[in-house]
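Asks: Sequence:
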Amino acid sequence: MDVPSKSYISKTRIGVLAVSAMGMAALAITPSYAAIAQNFGLNNTSVQMLTSLPNLFMMLAGIIIGKLTTTKINLKTLTIWAIILICLGGFMPLVYNTSFAFLLICSCLVGLGQGSCTNLSQVLISQMLPKAERQSTMGLTTTFTNIGGIVFIMGGGQLAAQSSWVNNYWIYLFSFLVLLVVLLLVPMHPKDVSDHDDNEADDGGIQLNKYVWYSAGWGFGVMLLNNVLNNNISLFITEEHMGSTAQAALTSTISLIGGMLCGLIVGVIGKRFKNSTIFIAYLVYGLSYLLIGYVHTLLFAFIGSFFVGAAMSIAMGQFPYLLSISVNKSTMSMALGIFVAVYSVGGVVSPFVVNPLTSLLSGMGMNVFIVSGFLALILGVIVLLGRYQQNLVRHAEGK
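Here the sequence shown stands for residues 84 to 482, where the numbers follow the numbering used here.
Everything labelled a hint here was simulated from the structure, so no lab data went into it. Ideal Cβ positions, reconstructed from N, Cα and C, are used throughout, including at glycine. Incorrect hints may have been included.
[Claimed, not checked] Simulated restraints, written as ranges between beta carbons of each label pair:
hint, residue 1, residue 2, range
1, Q131, Q290, 34 to 44 Å
2, V378, N438, 38 to 48 Å
3, S90, N438, 16 to 26 Å
4, L267, T321, 41 to 51 Å
5, K354, Q290, 38 to 48 Å
6, E322, L171, 47 to 57 Å
7, N122, Q330, 23 to 33 Å
8, Q290, Q473, 43 to 53 Å
9, F123, E480, 51 to 61 Å
10, S88, V378, 45 to 55 Å
[Unchecked claim] Straight line, CA to CA, 25 Å or less: simulated DSS-like cross-link-like pairs of lysine-lysine:
hint, residue 1, residue 2
11, K412, K150
12, K94, K155
13, K293, K159
14, K89, K150
15, K412, K94
16, K159, K89
17, K214, K94
18, K357, K274
19, K412, K155
20, K412, K274
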């Protein structure tokens with residue numbers, strides 16, 4: 084067996100992590116929402132379709148990639164085409180931008196590519212890296228996803244500020260750079276990285292178990308909670324007179340920074356608390372939202388946003404690893420496809436679940452963040468008492 088060298092593993096790791104930097108590509112255009120709405124005479128709900136529609140295509144991508152990766156199609160080839168979709172969706176509005184419908188189509192292409200990259204980055208890790216490297220690398224994917232988000236959102240905003248909203252789309256040059264990194268560093272024919280004690284023997288067939296569905300369900304809950312911040316924080320800060328619109332916009336960046344920094348230690352957290360990381364994520368969500376909801380100051384809104392990003396990083400850095408140890412290699416890509424599809428739904432339905440709950444409890448003096456905080460704590464207690472993660476780890480160790 085051709086044992087891979089340390090340099091081979093390092094190069095592959097960098098290439099795979101670069102793919103995960105595409106995980107927020109669809110958000111690149113958000114700094115130009117107001118300008119686009121004014122240009123086409125749209126209301127806020129209509130212009131927000133530029134990022135809500137890609138979420139639906141991310142669900143579709145999760146299922147499609149989950150199926151394609153079980154075929155003979157090369158993983159690097161699939162990854163290259165996924166990034167090309169993002170590049171096409173990002174560059175075409177630079178050529179033609181007088182139709183909002185066309186911009187929506189381009190955003191859907193970006194969403195399809197983004198969803199594919201989210202799935203593929205985890206599949207690449209599980210199949211191209213040794214078992215000893217997987218948990219720490221899967222943790223780092225959240226850091227690189229947040230770094231990519233900062234580049235797309237802040238970079239796109241700066242480009243738009245220099246001229247017009249159309250220039251925002253030039254930030255997709257970053258996707259082209261990632262494409263070059265993948266071409267250079269991700270191997271077309273990966274070496275065998277199986278460990279002698281690797282229990283994830285490939286039995287040649289897809290066998291979805293209950294832990295795939297449990298993980299997808301808890302991922303749904305995480306995304307439902309995570310989008311509470313994205314959907315409400317700016318409005319909350321301005322309505323409560325805690326700060327200006329510009330200061331409210333900073334919360335997204337602070338949340339990304341929280342996710343980026345926490346991603347650096349997700350692997351350590353996962354090893355130290357191997358039976359309770361998902362509970363910890365829900366606990367951090369709950370405490371962060373209660374902090375924002377009860378303490379009406381801009382400083383604590385920033386602190387809460389930072390830890391919401393950290394909670395997202397913990398959860399999304401651990402779920403793929405938990406899936407990878409709970410199923411065989413033949414099942415991994417399909418399991419990830421199901422996971423991505425289901426958790427994406429959580430992000431889409433978030434306002435339709437949280438807003439009615441908030442309206443129901445508003446008479447008790449609760450705002451959307453207080454409601455979400457208690458919801459997160461309740462879900463966290465269910466995760467802990469139900470022993471979801473403990474049972475999954477025990478199942479993996481007994482395979």
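Asks: Determine for every hint whether it applies to the structure shown.
Replies: Verification of the hints:
Q131 and Q290 have their C-beta atoms about 40 Å apart, which keeps the hinted 34 to 44 Å range intact. At about 22 Å, the beta-carbon gap between V378 and N438 misses the expected band of 38 to 48 Å. Checked against the hint of 16 to 26 Å, the C-beta distance between S90 and N438 comes to roughly 52 Å, which is inconsistent with it. Checked against the given bound of 41 to 51 Å, the beta carbons of L267 and T321, roughly 45 Å apart, stay inside it.
Between K354 and Q290, the C-beta spacing of about 27 Å breaks the proposed range 38 to 48 Å. Look at E322 against L171: about 39 Å separates their beta carbons, and that is not inside 47 to 57 Å. For N122 and Q330, the Cβ-Cβ distance of about 25 Å falls inside the hinted range of 23 to 33 Å, so the restraint holds. At roughly 22 Å, the beta carbons of Q290 and Q473 sit outside the given window of 43 to 53 Å.
Taking 51 to 61 Å as the suggested C-beta distance range, the pair F123 and E480 conforms, at roughly 56 Å. A hinted range of 45 to 55 Å for the beta carbons of S88 and V378 is consistent with their spacing of about 52 Å. Between K412 and K150, the direct Cα distance comes to roughly 13 Å. Compliance with the 25 Å bound is thereby established for this hinted pair. A threshold of 25 Å between alpha carbons decides the hint, and for K94 with K155 the separation of about 24 Å falls inside it, so the pair holds.
The suggested pairing of K293 with K159 is violated, with an alpha-carbon distance near 30 Å, which exceeds 25 Å. Among the hinted pairs, K89 with K150 is inconsistent with the structure: their alpha-carbon atoms are about 31 Å apart, more than 25 Å. Restraint check for K412 and K94: satisfied, since their Cα atoms lie roughly 22 Å apart, inside the 25 Å limit. Straight-line distance between C-alpha atoms of K159 and K89 comes to about 20 Å, which keeps the hinted pair within the 25 Å bound.
A threshold of 25 Å between alpha carbons decides the hint, and for K214 with K94 the separation of about 16 Å falls inside it, so the pair holds. About 29 Å separates the Cα atoms of K357 and K274, which puts this hinted pair outside 25 Å; it is violated. With a C-alpha separation of about 14 Å, the suggested pairing of K412 with K155 holds against the 25 Å cut-off. Between K412 and K274, the direct Cα distance comes to roughly 15 Å. Compliance with the 25 Å bound is thereby established for this hinted pair.
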